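Peer 1: I would like the entire structure built from these sequences, with the hints used as guidance.
Respectively, the protein sequence lines represent chains L and G. Sequential numbering of the first sequence, starting at 1, is according to the working numbering. Sequential numbering of the second sequence, starting at 1, is according to the working numbering.
Calculated from the structure, these hints are not laboratory results. Note that this is a predicted model, so its numbers are computed, not measured. Glycine residues also receive a C-beta, built at the ideal position from the N, C-alpha and C atoms. Just so you know, not all the hints are guaranteed correct.
One-sided excerpt, in silico: chain L residues whose CB lies under 7 Å from chain G [claimed, not checked]:
| id | residue |
| --- | --- |
| 1 | Leu-63 |
| 2 | Asn-211 |
| 3 | Arg-212 |
| 4 | Thr-217 |
If you want the building blocks of each chain, they are given just below.
Protein chains: 2
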Amino acid sequence: MNLFYQPEIPRGANFLSPEESRHAVKVLRMKNLDTIDITDGQGSFYHAQITEANAAKCEFEILNTKSVARRPFEISIAVAPTKNIDRTEWFLEKAVEIGVERIYFMDCQNSERHHINQDRLMKIVISAMKQSVQAWIPEITELIPFKEVLKKKAQQKFICHATNEHPNMLHTAAQKNSHYLVLIGPEGDFSPEEIKDAQVNNFEIVSLGPNRLRTETAALTACQILNFINL
Amino acid sequence: MNLFYQPEIPRGANFLSPEESRHAVKVLRMKNLDTIDITDGQGSFYHAQITEANAAKCEFEILNTKSVARRPFEISIAVAPTKNIDRTEWFLEKAVEIGVERIYFMDCQNSERHHINQDRLMKIVISAMKQSVQAWIPEITELIPFKEVLKKKAQQKFICHATNEHPNMLHTAAQKNSHYLVLIGPEGDFSPEEIKDAQVNNFEIVSLGPNRLRTETAALTACQILNFINL
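Peer 2: Okay, structure coming up:
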């Protein structure tokens, strides 16, 4: 199944973007009267028929609409982008596939990267949403300071940090059907000040499991655990 | 912490491989009397002191040894390598980080890749084992036919396959402290014959969750779920 993305359908758009039009008409060789599936990324799937198979502006008529409810829980992950951006891009693709509502890119004291290309990252999000056939597009942010992330609202707030004595595990600390915000530090870990600052702001220190994980593996594992406890 | 790998310690080796020697002496600039940590990948960590900081053959003396027991469960994942091998390599790195005992590379009817470079994949396994500070090295195989994988022994055998009606979920079907074998199909999915063949061989059809996942995401998610139920 090829799913197309057109966020403007709720505002009356009946055509695909130039990029999506090209994909439908040039790559997939779709023609007038062929049917396609589209999402607006805002909770709806549309089954539609192509009325004008134009490779620059492929027009369609909606045959029927299916609404998908928001999940009863909400996962927000705040992560420091990795020095090698490929690792962050992998995390992003996988997190979207398995399910995530929001990703905050976070600038920490020990961050090794202070710049991200949000347009490029958004393309990865869109592609993964289409690939995994989802109707809600996750939100991603520009790089924002650690202190600003601390002000974000959530019902359960966690900061991942390895402590040796009796770790508090994310999968037992997190409750079902909640809105979670989990902070994942950079390669050099959070600074002691950041940990303290998070605690003052009611973030609970948690561990993800017994192994030492890379930043992007930790971020994905947090996402997997929160999806898992809600299965 | 930099962990080195020397599988020959149980057979008396008191030196690092040329590659590891170069890393210790040239890159990390370690000198005589510096201490290092080594694993043999067979359940032991060694704390050792460098006696000859030679960049081609770095010799050491073991100060103390710590044994790590095998986990009380065992995860074997059989996966069809992806067309784009980067995706398989990424899965391999992440699976080793979070914990896996064995990966069978499997040749299926719809496989898009019929060749793997086992040496290259083994390097990824070693690097991820060291990175995540583990004392047991996971096993990986050459590419083996689907029918041979069906003969592999395990206490609980699963094949991941999307079915719409009331899916049997891996996280409820799998019991704690068992030896699991999970089959993950290629991009074009298993053929109907393969599914039937697996069922005849007592593999249970399972689903990993609500979303459609890429091959490598499904393989990693299976691994995460099995680690998770044993936390």
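Peer 1: Now look at each hint and say whether the structure bears it out.
Peer 2: Results for each hint:
| no. | hint | result |
| --- | --- | --- |
| 1 | Leu-63 | violated (21 Å) |
| 2 | Asn-211 | holds (5 Å) |
| 3 | Arg-212 | holds (5 Å) |
| 4 | Thr-217 | holds (5 Å) |
In this structure, only the earlier hint numbered 1 is contradicted, and the remaining ones agree with it.
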